[in-house]
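Asker: Listed below, chain by chain, are the residues.
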Amino acid sequence: MDLTFSAEERAFEQEVRDYIAESLTPEMKRATALTPSVFSDPDIGMAWQRALHKKGWGAPGWPVEHGGPDWTPAQRWIFEAECARAGVPNVNVMGVKMVGPVIIGFGSREQQNFYLPRILSGEDYWCQGYSEPGSGSDLASLKTRAVRDGDDYVINGTKIWTTHAHHANRMFALVRTNEGERQQDGISFILIDMKTPGITTRPILTIGGDHEVNQVFFDDVRVPVANRVGEEGKGWTYGKYLLEFERGSGIASAKLREALKTITDLAGSEVTGRAIEDPDIAMRMSEVEVDIDALEMTELRVLSALQTGQNPGAVSSLIKLRVSEIRQAVTRLGVDVIGQDGLAVEPARPFYRLNHEPAIPEELLPVVPEYLNGRAYTIFGGSSEIQRDIIAKMVLGL
Amino acid sequence: MDLTFSAEERAFEQEVRDYIAESLTPEMKRATALTPSVFSDPDIGMAWQRALHKKGWGAPGWPVEHGGPDWTPAQRWIFEAECARAGVPNVNVMGVKMVGPVIIGFGSREQQNFYLPRILSGEDYWCQGYSEPGSGSDLASLKTRAVRDGDDYVINGTKIWTTHAHHANRMFALVRTNEGERQQDGISFILIDMKTPGITTRPILTIGGDHEVNQVFFDDVRVPVANRVGEEGKGWTYGKYLLEFERGSGIASAKLREALKTITDLAGSEVTGRAIEDPDIAMRMSEVEVDIDALEMTELRVLSALQTGQNPGAVSSLIKLRVSEIRQAVTRLGVDVIGQDGLAVEPARPFYRLNHEPAIPEELLPVVPEYLNGRAYTIFGGSSEIQRDIIAKMVLGL
Amino acid sequence: MDLTLSDEQRLLRESADRFVAETFTSEHRKKAVNDPLGYSPAIWKQFAELGWLALPIAEAHGGLGGGAIEIGLLMEAFGRGLVSEPFLSTVVIGAALVAECGTEAQKQAILPRIAEGALTLAFAHSERAARFDLARVDTTATKTADGWRLNGSKVAVLDGAAANQIIVSARIANANGASGKLALFLVPAGTPGLTLRDYARLGGGRGCNLDLRDVQLPADALLGDGSDALPAIETVVDRAMAALGAEAVGIMQTLLDTTLEYTKMRKQFGRPLSANQVIRHRLADVAMQVDEARSMALRAALMANAEPVARSRAASGAKAKIGKCARFVAEQAVQLHGAMGVTEELDIGAYFKRLLAFDTLFGGSAHHYRRHAALSGRVHA
Amino acid sequence: MDLTLSDEQRLLRESADRFVAETFTSEHRKKAVNDPLGYSPAIWKQFAELGWLALPIAEAHGGLGGGAIEIGLLMEAFGRGLVSEPFLSTVVIGAALVAECGTEAQKQAILPRIAEGALTLAFAHSERAARFDLARVDTTATKTADGWRLNGSKVAVLDGAAANQIIVSARIANANGASGKLALFLVPAGTPGLTLRDYARLGGGRGCNLDLRDVQLPADALLGDGSDALPAIETVVDRAMAALGAEAVGIMQTLLDTTLEYTKMRKQFGRPLSANQVIRHRLADVAMQVDEARSMALRAALMANAEPVARSRAASGAKAKIGKCARFVAEQAVQLHGAMGVTEELDIGAYFKRLLAFDTLFGGSAHHYRRHAALSGRVHA
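Residue numbers (this note's numbering), protein chains in the order written: chain A, 395 to 792; chain B, 395 to 792; chain C, 802 to 1182; chain D, 802 to 1182.
Hints are not guaranteed to be accurate.
Rough simulated footprint, nothing fancy, chain B against chain D, three-plus residues with beta-carbon under 8 angstroms [claimed, not checked]:
(1) 845 to 854
(2) 971 to 977
BS3-like mimics (lysine-lysine), calculated; alpha carbons at most 25 angstroms apart, straight line [as the list claims (entries may be wrong)]:
(3) A:537 / C:944
(4) A:787 / D:1065
(5) C:1065 / A:634
(6) C:1065 / B:787
(7) D:1068 / B:787
(8) B:537 / D:944
(9) C:1068 / B:787
(10) A:787 / C:831
(11) C:1065 / A:537
(12) D:1065 / B:634
(13) B:449 / B:537
(14) A:655 / A:423
(15) A:787 / D:1068
(16) B:537 / D:1068
No lab work stands behind these hints, which were simulated from the structure alone. Nothing here was measured: the structure is a model prediction, and the numbers come from that model. By construction, the Cβ of each residue, glycine as well, lies at the ideal position given by its N, Cα and C atoms.
Excised from the complex, chain A in its bound form (with noise of 0.2 angstroms):
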């Protein structure tokens, strides 16, 4: 056992760090400093799109023959976590981690001649329309409706928490084209361009004051059949291999170390009054970076089972659980260093081109959205309740 990287990987790690040093511009680092959400506005992660792209780094997980760079586990590691300690922007993960992959495995040749390129090189820029009102966690009880006309699939129905569906021209939608005996047959994974005639998109606020999601309407929308990827009906399955897929591939640790970091150096400066010579911020900041250290170690646990060629086994669900957990708790502990300056509100966003001197120090802005925001992670994408069912039913067997 050993935690140590080899000379090779040592080397890799220097080719990343140098190539961020050359092409993060400071206003992308600024701007993602300075966003208090997990998505990047297009403007800034289209930009570091396109400089992953030029070096051949724009779709790690992609296999080499679709432009994928053909790394191993320990590699990916080492290339997010050092674009982590970087504070790169994010990148459409829609497009690149999401549908990619989709197409990859399942959509036609010409789908993936049209659509993988234009993910790498940042032209094409996704969202994911799943969620609809009134399905939330119960995914599969969606109920927009894909009708067969000739070539075309009319689409209608509504699909809602589409996250930035209003800078996306493309949409990867889960939709019904029939109704099966289990509410999970008839539903198919279907490729919609954003510009097609009744899709119309209503902003929806988050908590923190950010415009992230969406409402998305179809009105009697026309997508060809051609854009469906796969066989009519066998959309779940493909949505299930997307999170399959995902499994064991993430790094959270890393970020969420930056992300402690930089509420620890807001800490100990005068700009929160010291707020690390409070014992208890102190401590808990202690607590968290050991809640880090644990999940690190379990992420590094399932990157040496996969570099082995091994399955990570049970381990990996749980780390959803833990990351959204742990995430928050970095957030509230952002909201209790910068105290009552967190009671200013700055309603404009980016924050990174503000028109007007804000009410209290810039670096302070993100601290309560990011916080308000977070909310989310144990909500979205499968609640912490409905993780911990799956983590009875599917780990412990119960």
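Chain A is already provided as a structure; the job is to place chains B, C and D on it using the hints.
Answerer: Leaving out everything else, chains B, C and D in the frame of chain A:
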């Protein structure tokens, strides 16, 4: 609104204080302090019962015609608070607070005349035969059977978790006299002389090493039908009355405050290396003290409602849950205060009558057993899980 | 020993509940968020007519002579409606500081005008470097030929921009330049040298950060006779925390009611959310914590006039415990509302944020448990 | 980067698991509780034969040169069986102190005998007034004409009564009587002036409190050359905490397994306990915390030879986190076993108590979070 007691009530308080001062012996006080259980051994508890009876205070909650002192709710509060402050032994609650009120409410005149004076005087010592192996929180599923044979019931079965069955000369028990449609029907409430042939008792040591509870076996035990309280098949109702009777009449905050004080005193002393200088311990003491403050206010709100003839309502059903949690917090604090001396196990009992010098200072002996035995607070008398089920249903209407 | 309400108190509560329910609707709130003043002067006038602004002011000064219990009844109702009128700043804190410290002339000049709704106050005390230490003030007041000159910076001045006068705390510089006693000064809005950075306050209302640069004040701007103002500040802040605690209870109760309603109505996997045992137990815990918070707010109010250590222990205990409960109740209310809970679509978010603001004001739970421990002789603060 | 076990490590784990499962049965444990020695010399001999007592000792001193990972594998297995043999005292702590501090002659005299099972040690360091501060020792060692004289009192000496020699820490009194450097002394069992108050240890094994009154020792009783022993003590205690963490993981895993089994089997209200969502979620949390504890124990072992600050941060982080997890897991295991859980009828109680002892040894979670914060430059310890 006013937190102060009236002049009459203050005078009463003084009277209680004076009587305790003259009748509570140092031996009783020391024995109580060194007993890591909520139940005093009968030699101590019954001595105190006799002292109270002498003053006419043997059964504070009983009606005056059966020997109660005819106190107002405020007087009962004052009495219990003073008893807690002085550290008096616990009397046989199974007699005074449990079977007594049932006999008063539902017993025949003969039963009242026979049993009640013997409870008051401390001549009888009662135990409660409710739980059975396999029934636990689902009490109504009990299986011990009483079959009518002439003027007797013949009882077969077993009871478990029977506190002080090894000391008691009488038991009140719920037994099945009939197979009702609902489990609750067909249960009868029976008074049993523990010397009746066919009764055997097996000790069960608690996790803290105390002999508190037992399993009791009934093997063709003949009990006169005259020992049944009230109607046949109505035992469940009487058992529930017993719980309602207790509602709002007990006060826990005063005892908890004393328990915290004991721990605080230890923490301030050299015997624990002045544990209070550990800021975590000092803060947690305040946290627990504030929890006790909240509980006390809640209890006072109930008392105040009772005083003015109102129904205290939902609040009182939340109290049991909080009391058990705070008790556990206090005992846990004790464990942390005594530090490594908590590693020493003293198996002999009672601590106030050891034949050898213990390995650690005497006053530390009960601390760990109290914590260990205290795990039962959230289990016995309806587990915390059951309590929350009840609150959701009865208080919140879910 | 009687913890039931008197008839007058019951009437006050009922009228407050009724007025708040009718006036502070969801629509009203959405409008008020965009109001640069942060509250409605018309409603303020109604408060005055209802006698609420006179409530805790002594009869000799045009008030009704009410106490902490009555304030608590009002504040709990205000919490239910997320009222953003500057009642805390003007009446609970401002009027009380004047009553505690002011000369008779100042009381006569100020208190009746508060009672009739003609004057609003704010309290500028906190400074960034002090965090929640009430005793630490770096703002200085220097005696000049004809009055005082103030310099310093204040944060978290509630309702500062709308206040007619701001009560500013400062240390009186001694002859040798060393800082001396803490004093309070009445600074009229618009005084030269005063710079306000006004902001919308988390959960409703407004706040501001404040710079004082060579602010010149007349001699009678000093509140009272110049004796150390710290004990009065501690008294008033303890009582303000009791009042805020009552407000928090109103907010929490509303969140509980709303969440109960929502979990009964909202269906998932073919049955209401409230059919899930985990959610039922969570709600039981929420209800329990609301009740504990209610007990502590009441306790702090009942102890508002006790001797200082007992009063401060009760106030800090209440602030710490209610803060802890508030955090749990707020976070669970959002969690159980699911995705809708983390938007500004429902009122739930506004209530959540107001509780977050409550927890922050005058220091959070850890700060007040520590103060409680120090007051109990357990630790050195 | 490889966190999978080597073949040798896998074999060690398998043999330890097998031996423990076969030997340390429930019946064995019930007998051992009443054993005045606290463990079985016959089993200790088997440990020696299996090479376990030689595991971390250097090859030059008759050992196998294993490290913290191997120790962790053994300790986790020991945890599953609640092994009460003095492995921690003799091998993990005793042998390590000799290896860290001893002269070559002392190492040659002691370590091979430990490896072959012929010598047991105990470590007497903690004092009541010090609580968990490793640097605070009031016991004194005074130089005499022909050796040393020790005076003082020690608490929580694990396995002290059965040890052939006790390593006692003391401050060497300077010429002027002031206390100086910390040193370690080898004190043979039965040395005059040594008084042991032996006790059964919570969760298995024995412990004692120790008085030293004018204990006379020869000059070579001093371990090593007399340089300050604190760094060595900190190194060894950090590694001991990692080993204890692994043991705790074994205990927690057993509690989880047992509780899963019980809740599936035990029926209430006509269905298994495990049908309750609240219990299912609780068990999910228990499983998650066992997994987190496993990660931290591994981390502390992997960092056992890192530079002191990194090593101590990892060790304190592990002790704090595993202690927190252990408390939750233990309390929930008892809670979910209901009334049976709070008796000595089931093994569950013994496992619970062993975790409570784990949490207490070398200081609990708050102590180690504070140490972690201090080592991270956040607070002054």
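Asker: Could you run down the list of hints and mark each one as holding or not?
Answerer: Evaluated hints:
no., hint, result
1, 845 to 854, "violated (count 0)"
2, 971 to 977, "violated (count 0)"
3, A:537 / C:944, "74 angstroms, violated"
4, A:787 / D:1065, "12 angstroms, holds"
5, C:1065 / A:634, "30 angstroms, violated"
6, C:1065 / B:787, "12 angstroms, holds"
7, D:1068 / B:787, "22 angstroms, holds"
8, B:537 / D:944, "74 angstroms, violated"
9, C:1068 / B:787, "18 angstroms, holds"
10, A:787 / C:831, "44 angstroms, violated"
11, C:1065 / A:537, "22 angstroms, holds"
12, D:1065 / B:634, "30 angstroms, violated"
13, B:449 / B:537, "42 angstroms, violated"
14, A:655 / A:423, "15 angstroms, holds"
15, A:787 / D:1068, "18 angstroms, holds"
16, B:537 / D:1068, "15 angstroms, holds"
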